[in-house]
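There are 2 protein chains.
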Amino acid sequence: MREDSKEIDAFLVSLLRTVGESLRGDSIKKKSVGTKKNRNDLVTNFDKKTEKFINSEIKKNYPQATIVSEEGYGDKVQDMSGLVFFVDPIDGTMNFVKRRDDFASMIGAYIDGKPLIGAIINVMDNEIYHGGKEIGLFINDKKIDNPKDLSLIEGLVDVSAPMALANKFNVQSVIKKSSGFRVYGSAGIIFGHLLTGKEVMYMSYLAPWDLAAGRVMCEAAGMSIVSIDDSPINMLESQVVIVGTQKVVSEALKTLKTR
Amino acid sequence: MREDSKEIDAFLVSLLRTVGESLRGDSIKKKSVGTKKNRNDLVTNFDKKTEKFINSEIKKNYPQATIVSEEGYGDKVQDMSGLVFFVDPIDGTMNFVKRRDDFASMIGAYIDGKPLIGAIINVMDNEIYHGGKEIGLFINDKKIDNPKDLSLIEGLVDVSAPMALANKFNVQSVIKKSSGFRVYGSAGIIFGHLLTGKEVMYMSYLAPWDLAAGRVMCEAAGMSIVSIDDSPINMLESQVVIVGTQKVVSEALKTLKTR
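Each protein sequence line maps, in turn, to chains A and B.
Per UniProt numbering, residue 1 is the first one in the first sequence, and the count goes up by one each step.
Per UniProt numbering, residue 1 is the first one in the second sequence, and the count goes up by one each step.
For reference, chain A alone in the conformation it holds in the complex (with noise of 0.2 Å):
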């Protein structure tokens, strides 16, 4: 009864109101920022603060669920039985930093394996992207249609700057065949591009907080996702995903070289 699909979701839209408003306020503050493994990896005083409260409430309204996050406060999780929360506090963290604006906050659950709800906030914007394949998706309180399944040829792409830059699995040739490239340097903002029809597919390098969310309403939506050597996602490690509609999943395989 606690795991109903859509307590889960006006839980987790009502979590991210609260942690959006706090951020927005932050943004105008200055910020304290330390360094992880480099300097383009940044780590704020922000996502600490937002993850800790984000953990705490979880565990508050769902004592029986486990929690894979990013900053360290979550926990050991070795298998996706039972309930599991992925948390990504702060999703662009550059550009949370560098322009105040296009980062987002996601949250996704899961049972057994399965996925639920996602919910990813575009913070400034204050959209809440929301919801899963049993109650529909959602925008705000707005129910939104599944995006058209559209071809490359259609469409604009979004790859992660390395991987576009150093042509890695031979990607520019799938950019190429496209509308055009896009580069907004966050996940969340993008599956938001993604489930409107602003972008046609996205391929990163993704952690299992990156892509938690998304995923559930990407797949929710009729859209495909894969990594890369088209082989389930796997939840409980980091992999280059390509996510997009069906038809451009389709052809992005055919044309990347992943060995």
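If a hint is listed, it holds; no wrong ones were tucked in.
Note: identical chains are not told apart, hence a pair may lie in one copy or across any two.
For lysine-lysine, the following BS3-like pairs were computed, each having C-alpha atoms within a straight-line distance of at most 27 Å:
| # | residue 1 | residue 2 |
| --- | --- | --- |
| 1 | K257 | K168 |
| 2 | K176 | K257 |
| 3 | K254 | K148 |
| 4 | K177 | K247 |
Simulated from the structure, these hints should not be mistaken for laboratory data.
Could you slot chain B onto chain A? The hints should help.
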């Protein structure tokens, strides 16, 4: 007297306000899309209709002026004497068609070759960036401060997709020294990012109407804008342009291979 900065600024803001209202209405209707040179160089009825409207309003108010514009309704301008307007009715046509956001309309006014007033509307956000050296810079009615003179490592850079992917002029070495790479696909939108410090450099092959308005404002904001070989901008030719903070343009010119 008719060439007064403040008066021209007010005229352009009022004109772009009207254009923006019309394009926001159009962007939800079905578009008839033709092709210019290739499928990535779209021209819509809306480009043509919008340019006709802008040019006729300019001629009505400034009959002595000449117009350089994208879609062929302007004058054959041979030199920069007198009052010259540069018009790009829809900048980022691919975004207009595919995304319904991140496109702009731009007008730049020059007097005897000197930058006078620039005006760019981010159509979907209904934000007009406008002004010049004499009167200062504004977003809608709000005066804005000049962006900080950040260095390459401190900011995000935007480079046209074909140039970045092909590593023209060794531009990837510049990208790698920055905080990150973004591709927004509209010069007008990117000029807005530069003026607010959201990006610190833009490099692309630009026609006069692509750069006229942005050049006026970026120079007024203390930024640097040069052609790829570090020569002055020629407003009657297309050219590869680097625009950004003083520090970033200086760093970029040291790293780029221009011959």
